[in-house]
Amino acid sequence: MMGSTSREVVRAVVAWLLVALFAFPIYYWITVAFKPERDIFALPPKLFDFNWNLSSFEEVFGISFGFDKGLEVLPGGGNFYMLPNLWASIVIAVLSTLLTVIVATLASYALSRMRIRGQHHFVFFVLSTRMMPPVAIAIPMFFIYKNFGLLDTYTGIILAHALMNLPLAVLLLKSFFDDIPTEIDEAALIDGASRVLIFRKIVMPMALGGVAATAVLCFVFSWTEFLFVLTLTQTSFKTVPVAASTFVTSTGTAWGNMAALGTAAMIPAFIFILLVQRNLVRGLTLGSLKQ
Amino acid sequence: MNPVDRKLWLASLTDRFARGQMDRRSFLRSAAKLGLGAGALGAYSHLSARSGLGLISPARAQEQNIEWPEDMTNWLKEAAKPFAGQTIRLATESTPPSNAINSALKGYFTETTGINVEIETLPLEQVLQKLTLDVASGLGTYDLYYLDQSWMAAFSGDVVDPREKYESNADLAMPNYNIDDFLPALVDGISMYDGVMVGVPYDIPIFIQMYRRDLYEELGLKPATTMAEYLSNAQTIMKAKAPEIYGTTGQMKSGHYSLECDWTCWLWAHGGSIFGPDGKFTGNDEAGIEAMNYWIELKKNMPDAVTSWTWDGQGQSVAQGIAGQLISWGEFFPSWDSPNGSNVAGLMEATVPPKANSLRAVDETGYGEIPGVGHQGGSSLAVSRYSKSPDAAWLFAQWATAPETQVWITVLGGGTGPTRSSVYDDPRVKANAKVGIPGTTRHLDAVRETIANHMGSEPDLPEWTEISNDIIPVELGRFWAGEYDDPKTVMDTIKQSVDNLLAS
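Respectively, the protein sequence lines represent chains D and F. When the letters of the first sequence are read in order and numbered with the working numbering, they come out as residues 10 to 300. When the letters of the second sequence are read in order and numbered with the working numbering, they come out as residues 26 to 529.
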């Protein structure tokens, strides 16, 4: 009995240590956002014992939280105002995810249920487009976008992110649809249901977990994508990863502001994952057991 | 309106105000509708100092009561009439002048001329990528180029010579612009390539000698006048204060341009040069190896982490108070005087770099290289040959580098060294030479003298971007990581790579 209890305690301690190991960098990053500038690089590092303040957030979001009123009013703000960039990130990630999921769902259902000549090669071709390094197509895309008037536009970036995510989304969703027995479709067909009806009313609800998992991946990829946004935008807008690079100046890096933006940028992704969490767990385990 | 909406609306107003899309009067009028009145300026004005990074808020500009000369305003209004409504774009590194213009000054230009200015601030490597793409495509997506001195040769064919521009159209030539006011050494060092003036000198970060006055006084040290004294000072500090305070510090990250900057300083200081008159790499000659051996000795007095630091880490190490002295970018200096971000506020002093052991003459080097301990990293502002609005861009370039604008950039606390002689003498600039304020200009005498007498300039050749950003810092990084047995081997390797590149 004692042995069993000890084992459980050890297991719990190890589990917590592992959690701490992974959570610590996030904690440290968040504390940087709340630290005064001079404490960020203090040696030894100040993990808890520092004057928490919101000045980095105030600069990044251009909103007064009422702190630091006694400070001398001198340089700050201006270039580091990032609220519009956060909004641009949300719009682009949500819309590109939506577009990807809609197109990928239809494509993958067709690939899963219909037999076409050379299907295997087609699927491999879809996957191979994902193997191409983005840097290889960024510059050609720049020229294409310039000619089509898509440079520096939301539409352009949403399309680029959707194109980037489609191959993976199609393959992921195809595997989820493959896991749903075709007998269900056949039974519905016998009952007179059309393919569209079967897709909408029967298969989609069963594959929602997979769709959620795919959507999360697409959202996260879009949320963190750097190269296309850097290459295909100019002054109209920037997403968070590219905007964050502006904290790197010729006279140093604004680590506090960067951490404030990074901390704030975690929130929308966190909310999105929370919203789809129930389906996500189902999606991640879908097909893990043999029927 | 509920409090949340009010805050959001205020944030939106503040954004437009910060971006220069709204004048102060409109901002206050709109804010008044929220019941905030003049207090709305507090949404900006309370923001804490970030002077270390050369960032400037509109509120800072308001505090300074910037008044532009009437003749400048009248001329800009008149000259810009045909271009009102045009938009010009500039991709630039986030430097003190760019930040000052973007945050606090360009509103005046737009309001006066009707020309919209969009400034994209990015890290230096990304600016290079953007400009390369723009030039390769010839699409003119940017009207103005921010050109680092190491890119001059590569972009010299893609810009309009400002002298031609100034002389070709009297209507667009700003009165009293006075090109001769730019420090001659800078025009030669950062703006000229093969007889072409690639752009107008825009900013001038340059290596000066900086040290902790309190440590020097405690240990009885004097600012070094020779390279041997500089090493000796570092060793003395190290012996007395390590590991709390190191003798010196560095920017020696493998593969980063900053490592190349440090190397050239020591190379030039020991009578070496990067190239010989025959255009071959000479960093592996006797003087080059002597410089490497000096650097090895000096590094023993630096924190181990220097090999992972660029200029950012180097500046931070001083701000944290763990470095006693350094020869590096003078534009760091104002940030260390800021009590909010530094542990050494008021403790740092600036002076010219130590004298070189020997200095190779310019005609013994190649590609216009100018040896000097004060490595300069200046930049120019150039009008793109592919611009759709070259005249509007030229007006902006003149205004951005005009004496009055440079005075305000300097006074607002950016930290950069002005490129015009008259700005150093301006009473407003001199009045800011105080201890303990973030925008101090008390290092500028050292900057000016270094430009005049100690400045070193990198060679100008189209391949220099690759050599300085890739070949040299990568191999030096491998050396400091212990992959080479001795300095001669690494220098020989660099020579082989560089000479092969140039031969091909």
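Source of the hints: derived by calculation from the structure; they are not laboratory data. Owing to the predicted nature of the structure, the values given are computational and were not obtained by experimental measurement. Treat the hints loosely; a few may be bogus.
Claimed, not checked - Derived contacts from chain D toward chain F, CB cut-off under 7 Å, selection only:
| hint | residue |
| --- | --- |
| 1 | Lys155 |
| 2 | Asn156 |
| 3 | Gln243 |
| 4 | Thr244 |
| 5 | Ser259 |
| 6 | Thr260 |
Glycine included, each C-beta is placed from N, C-alpha and C at the ideal position.
(message) Tell me the hint numbers this structure goes against, listed in increasing order.
(response) The structure breaks only hint 2.
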